[in-house]
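Peer 1: Line by line, the protein sequences give chains A and B. Residue numbering for the first sequence follows my numbering, beginning at 1 and increasing consecutively. Residue numbering for the second sequence follows my numbering, beginning at 679 and increasing consecutively.
Read the hints as simulated data drawn from the structure, not as lab findings. There could be a bad hint or two in this list.
Negatives, chain A to chain B, calculated, CB over 10 angstroms [to be verified]:
(1) A48
(2) R138
(3) Y184
(4) G236
(5) F317
(6) L467
(7) L475
(8) R478
Derived CB-CB ranges, DEER-like [unchecked claim]:
(9) H706(B) with M485(A): 24 to 32 angstroms
(10) G382(A) with D930(B): 30 to 38 angstroms
(11) A587(A) with P799(B): 31 to 39 angstroms
(12) E851(B) with P644(A): 51 to 59 angstroms
(13) L323(A) with E851(B): 52 to 60 angstroms
(14) D182(A) with D894(B): 23 to 31 angstroms
(15) E917(B) with D643(A): 52 to 60 angstroms
(16) S470(A) with H706(B): 26 to 34 angstroms
(17) L448(A) with L735(B): 44 to 52 angstroms
(18) R445(A) with D810(B): 37 to 45 angstroms
(19) H271(A) with A685(B): 55 to 63 angstroms
No residue lacks a Cβ here, since even glycine has one placed at the ideal position from N, Cα and C.
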Amino acid sequence: MAEEKGPRAPNPLSPGSAVRKRGDDSGPGTLDLKLTQVAARHGPDQMAAILHWLEALNDEDPVCALAVADRLDSLLSHMGAEGLGRWILTGLRMYPCDQARQRAYFQLEDRRAIEMLHGEAGAGDLAAALPSLGLLFRGLAGIAFELQPRHQISLNGLPLRPVLTPSHLLLPDDYTALDGHDRYRIYRAAVAHAVAHLRYSTPGLPVQALKPMSIAMVSAIEDARVERLLVRDYPGVQGWFLEFLRRGVRPQELDFSALVGRMNLALMDTHYQDDNYWVNKARRLFEAQAVDLHDYAAFRRLASILANDLGQMRVPFRIPSYLVPEVYRDDNSFLWDFNGATTPPEPVDLQAMGPSPQQQRPESALPDEWTAETPATETEIGRHTYPEWDHRLHLMRTDWCTVIEKLPAWQGRRATSSLVETGVAGMPPVALPRSRRLSRNRRVRRQLEGEDIDLNAAIEVMIDQRLDLSPDPRLFMRAGNEDRMSSVLVLLDLSESTNDCAGDRMQSILDIEKKAALLLAQAVIHCGDRIAVHGFSSNTRAEVNYYRLLEFGAPLDTNSTGRILSVPGRYSTRMGAALRHATTQLAHEGGEHRAILLITDGAPSDVDVYEPQYLVEDARAAVHESRRCGVQIFCVALDPQADPYVRNIFGWNNYRIVDEPDSLQAHLSSLYARLVFL
Amino acid sequence: MTSNLDAYRLAVEPFYRSAGNEVSLYEHAYSHRLPLILKGPTGCGKTRFVEYMAWRLNRPLVTLACNEDMTASDLVGRYLLDAQGTAWHDGPLTLAVRHGGICYLDEVVEARQDTTVVIHPLTDARRILSLDKKGEIIHAHPDFQLVVSYNPGYQSRSKDMKPSTRQRFAALEFDYPDAALETEIVAHEAAIPSEIAARLVGIAHRSRALKHHGLDEGISTRMLIYAGVLIGSGVNPRESCDMTMTRALTDDPDMARALRGFVEAYFE
Chain A
1 MAEEKGPRAP NPLSPGSAVR KRGDDSGPGT LDLKLTQVAA RHGPDQMAAI
51 LHWLEALNDE DPVCALAVAD RLDSLLSHMG AEGLGRWILT GLRMYPCDQA
101 RQRAYFQLED RRAIEMLHGE AGAGDLAAAL PSLGLLFRGL AGIAFELQPR
151 HQISLNGLPL RPVLTPSHLL LPDDYTALDG HDRYRIYRAA VAHAVAHLRY
201 STPGLPVQAL KPMSIAMVSA IEDARVERLL VRDYPGVQGW FLEFLRRGVR
251 PQELDFSALV GRMNLALMDT HYQDDNYWVN KARRLFEAQA VDLHDYAAFR
301 RLASILANDL GQMRVPFRIP SYLVPEVYRD DNSFLWDFNG ATTPPEPVDL
351 QAMGPSPQQQ RPESALPDEW TAETPATETE IGRHTYPEWD HRLHLMRTDW
401 CTVIEKLPAW QGRRATSSLV ETGVAGMPPV ALPRSRRLSR NRRVRRQLEG
451 EDIDLNAAIE VMIDQRLDLS PDPRLFMRAG NEDRMSSVLV LLDLSESTND
501 CAGDRMQSIL DIEKKAALLL AQAVIHCGDR IAVHGFSSNT RAEVNYYRLL
551 EFGAPLDTNS TGRILSVPGR YSTRMGAALR HATTQLAHEG GEHRAILLIT
601 DGAPSDVDVY EPQYLVEDAR AAVHESRRCG VQIFCVALDP QADPYVRNIF
651 GWNNYRIVDE PDSLQAHLSS LYARLVFL
Chain B
679 MTSNLDAYRL AVEPFYRSAG NEVSLYEHAY SHRLPLILKG PTGCGKTRFV
729 EYMAWRLNRP LVTLACNEDM TASDLVGRYL LDAQGTAWHD GPLTLAVRHG
779 GICYLDEVVE ARQDTTVVIH PLTDARRILS LDKKGEIIHA HPDFQLVVSY
829 NPGYQSRSKD MKPSTRQRFA ALEFDYPDAA LETEIVAHEA AIPSEIAARL
879 VGIAHRSRAL KHHGLDEGIS TRMLIYAGVL IGSGVNPRES CDMTMTRALT
929 DDPDMARALR GFVEAYFE
């Protein structure tokens, strides 16, 4: 298995860069100039990736690297950095250990180099396919599952295969035109194969004393078994698999990988003819057992017989270079538990496959400084006391919580994390519907249809009729529509737990909350409604911090954006008090629609409350009070397990659970529609 | 007088497969003339059920599809001009109330709340409809019954029924039938072999797993029948599904790709 890491994040044009040094030798400043131009056109992320590939190629063969660098402009006019990486991989994989042909390839003198270039140009990147693959997975498997890219960073490593874990499917981004023209079809087959394992395989069986060749053979038979079962459910997926089973088969060769590849095809394709005795024996045994595909033990015995045969045939099996022959099949680590085995495989490091390091929150490196520094510079605006509902005593405790209104400390550039550049600016704005309603004040006259007769028009019609003229049929009137004003207060949960990463992403929940608030504020202000963004955290009932980040009617300028981005996540979540205070803020708003949108990551809690249900019940009471005041409350929970308590607090249909941060925008838009069409 | 509603009578028995005891429950409700709410996802057979019951009870069925531009006049009627001056014309609801039919308001939450309040006096013990513009009060015909339907899944808060409206109704809840029954329905309605119908139902089940994850509603039984009809008339199954399901259901390219994946997983 190749070593994996996220793409390195080098200083794109660092003076120490090996490629640049070569450029300096060959021509004075021309390469520098070229790289600067490329950087300007493609942005720092793309540039980092491009340089990474160039330097890796430079380590392989400097002549090739220079050839690519010289043609960078025309290459990048066809494809992005990922495509370039795959194109370079294609050249090296097509002509392994053949320097002359490799050089011809990178100097574009080889006809196939151009072919492959066009192959990559139209291929589409993994990132673009992931959303659709996620939906496909969810539909076929019936469960939510995380799909993530698995980045290839090494030029001379083995091609990557998908990795399946009980919660993730990692898809390689290094499939090249050699594996298939349309990469989506490979990914689709990989998804179907993973679904087959999830449905029908028992994961993590102990390896015990099984030899590597037997493991590979048992895995191959298991792959065939679960695929056969899946084809029973979804007949069409047979075609998905066959495309790549046929592509990978090498009928003349007799090494282990070739034989297994031939067997795999024979087990799926009834029309395939093979002249090898062993392949046919495998097919015969498998088909005899195929009447009961659920009998795992029988298939395991069958695999042992086949592995034993190969051993006796002295077919060599080389562990380091063995790769599952089919590009779409996972590496089978899902099936085995290698603990205690003699040759454990390299562990799969999920963390390493997350987003690149530059997306990490800068503040995560210095949490202590952060908390120590912030309270000193926060500005207190006022203190308010609110009651709290004690559900055990059925008692409203008056003046129980103190809400302290604050302006957050201005953190300058450090706090305005990469969110501004990468997060909000990069995302398309949220599309918001306008809230309109019928207004009796506006009468639309002279209509073809309507509730009432428009008297003036009717008189004209009667006159026309008596004069034997053809009357104008538009004689009705009806009520017109009127835009209505809505005010929405976005309330952010700023508790300590929001600093955690969302799922397996490197983005914290707090960042996602802030992004959501900014996106919504941007869109709402754009369409003329009123919005405010406030946040809260609590440190016992004596200190419920309430941050006013963006006021109603204020523009979303650098100051307010900075305030939103810089507010830290600390302490706990005393939801009820914050909701009561937010409701009071909305009471001053004149709009007919008043709503609070709470974005939270977890159940209400505080350090001075030990009973989990207490604050939930208090929040529920606060929600009911607000509704009675004509303020609707809606909740977006960024906690996949939030269902029981948010439902309890906010009521059926008044909350959304966003388990996919990517779908946040879609949720916001539909949610806002619900909020304003009250 | 019933001749006014003869056009609304159903001549042929509509095809309906019962999924539970809803037929007998409806009959009981009708025997007491209780107003009814039918709720359930789109295309699961609410309208067909009402048609079937109207046929079974031999009552005319006046159906009105509600929309947000619908006004009370569209329900009860309005004055129109003729050669002599103005003349009152009964709306569909008034017709059903006068002459004794089942009035079915489809997707009632789409109508504005101020429109739906005209049905309030009809749905309690008074059973009257007041035409205030005309100055007339109509006592409902003994056969009259009001049935409304809505889909609780996707409408916004504004499109919830007012509590004062919904508390006047008894309710029946519908959902997509189970796989075997749905297969039978699709096979019958589209006149296709049940093996193909079963595949279509499989696709629908996959898509229903995406509800709330990009889809407001999964593929409905009605869509399956459309797809089946096209397949029956010789269109390639994949193209039929693409036309009646994928393109009809979503504009999102990622979602469309995933839905096409489901179709291709069932039809080679």
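Peer 1: Where does the structure disagree with the numbered hints, that is, which hint numbers, in rising order?
Peer 2: 2, 3, 4, 7, 8, 9, 10, 12, 15, 16, 17, 18
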